[in-house]
Amino acid sequence: MNAIQVENLAKIFVDKKQQREIHAVDGITFSVAPGEIFGFLGPNGAGKTTTIRVLAGLLKPNSGCAWVLGHDVVEEAGEVRKNIGFLTENHGNYENLTLEQNLTFFASFYGIEGKESQAHITEILEKLGLSDRRQQKVGKFSKGLKQRAALARVLIHNPSVLFFDEPTSGLDPVAAVQVRELILGLKEKHRTIFINSHNLEEVQKVCDRVAIIDAGKLKRIGTAQDLSKQLFETQVVVCRLKQVPSSAIIAELRNRRDIKNIRENGPVVEFFVDDPDAVTPEIVRLLVRDGVDVIEVTRQQHTLEDIYLKLMRTTTGGSA
Amino acid sequence: MNARNLFRIAKKDWIEVRNNKELLLPLLLLPILLSVVLPLIFALVLPLDPGTPEDISNLRFIFGILDDVPDGGVMIIVMTNSMLKPYLLIIPTMVAMIIASDSIAGEKERKTIESFLVLPLSDREIFVGKVLGALIPSLAISWVSFFIMGFTLNIAGRPNLGNHLIVFEDASWWLLNSVLVTILSFMSTLFMVLISAIVKNVKAAQQYSALGVIPIIGLVISGVSQFFLLDVGGILIVSGILGAVAIALAYLSTKRLNREKLILALD
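Chains A and C, in that order, are what the protein sequence lines are. Numbering-wise (the working numbering), the first sequence opens with residue 528 and increments by one. Numbering-wise (the working numbering), the second sequence opens with residue 842 and increments by one.
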């Protein structure tokens, strides 16, 4: 059973002022496996937050279905909410309450009370390095601490599925790295994590798979490598050589069908190929045969940013 | 509906209010003004000029004040019954509105509403919990204010009241506090929870609270002009009308308030 299953999900809002319908989510289908970290990417207004709100049982879809841990998000919204943790874009803790008061309040709705609650809070604060902040009002925390306090709230009832909406938004680089490490730590505990973000670097670092959504429609879904293969005709193999290769060997390589293009930059040569696994050994063999010393061969990966920008350019007709 | 969940929400809302000086100050100042300062002025200043013997005689007749009450005490009783009674109603109205305006609108303003709504609670538990969070403190403060006001009047007005205990020996005051104050608190809370669910911030919600004071000013004016007095009959009539309004508001709230509407009001 998938941790999250979404089928033809659609959510329409009515703009009463302009008397028009807004298709915030427009028939999307995807699934997230248990223990997977899934990134949900898209520009502002793409439908990311609406999707996460539907999955958390906060909004009802107009059509389609979604299940979290096998529970229908409409019919069994209460069960869904019992089993998920939802880290909102803003930290979501009560600033006039101490960290302990916040956690005690939230834990109580999951049946965690009294000594059990105190033990849970102690354990989670130790893990997140917040023990010394227990009796302080959350309003006095820095942004990074507030986000960690929010994580403590989200994890207090040990949910198996976590929704993070822009988890590092507005954090300084150090705090962002800390949050990222915490997310990776959760993966080790086999938690399923659904991350809404426009921080492509962050998503690339932590997510197993990504889905890219725009104007309510799902554009692509897969691993960064899959998407790179789908979107880019060629992959780049970079060879750093000891000597500048002869024009004869470059000409021979250019004549090969499996090499689409070659870009020379002195002793660094870039080969644009369809199937790097098949052609890389051949390139190296030919270079060595020609007496060229090969220092390093690397495969230039298309970053998630390249993938995202390419998709958005395609969608917006090159304006992105 | 889980009763413990309701009280958890109410308790959290009260702790938030208690920790917020901007909210706590008006919640303390208003009852002090109406239950201590105003009764002290009535008890100490009014006997200084009790009016002509003819006026006093008329007032004794209209308000049914016994002959053994000294002349100086007649004006205290008259003004207490015609002005302080409706003034005291400002306490449940304003306290309920101040707290209720902060409950949902405050959660929106401070961006905690989403993390609150994702809790495993039913829509009805959220609504009733929020109502209780304003209703309980409003009733508690109103009752404490009533007793403080009664004691202040009786202690400060002692030399002019003979053997009588004003306020406490009058059934209409007990009826006012047990019935009208409860209904008024409930109605004010429902009204403000509804408003705070629609608007985006506390300030916008509080602007509507002025609406709640208008009928009370009407009661003060009608009491002073003796057009409509809050005696037992008057209290029952006003309670009946406000009770009907409260029922309509409760019905409207159950129809209008749900997670989706609260979330959509954020965007």
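For the record, the hints were derived by calculation from the structure and aren't laboratory data. Check each hint, because a few of them may be wrong.
[Claimed, not checked] As a list, the in silico BS3-like pairs of lysine-lysine whose alpha-carbon atoms are at most 30 Å apart:
no., chain 1, residue 1, chain 2, residue 2
1, C, K952, A, K670
2, A, K714, C, K1044
3, A, K787, A, K837
4, A, K744, A, K543
Hints, verified against the model:
1. Note on K952 (chain C) and K670 (chain A): the hinted pairing holds, with a Cα-Cα distance of about 14 Å set against a maximum of 30 Å.
2. Among the hinted pairs, K714 (chain A) with K1044 (chain C) is inconsistent with the structure: their alpha-carbon atoms are about 43 Å apart, more than 30 Å.
3. Distance hint between K787 (chain A) and K837 (chain A) is fulfilled; the C-alpha atoms sit about 20 Å from each other, no more than 30 Å.
4. At roughly 23 Å between alpha-carbon atoms, K744 (chain A) and K543 (chain A) fall within 30 Å of each other, so this suggested pair holds.
In terms of the numbered hints stated before, the structure departs from hint 2 and from no other.
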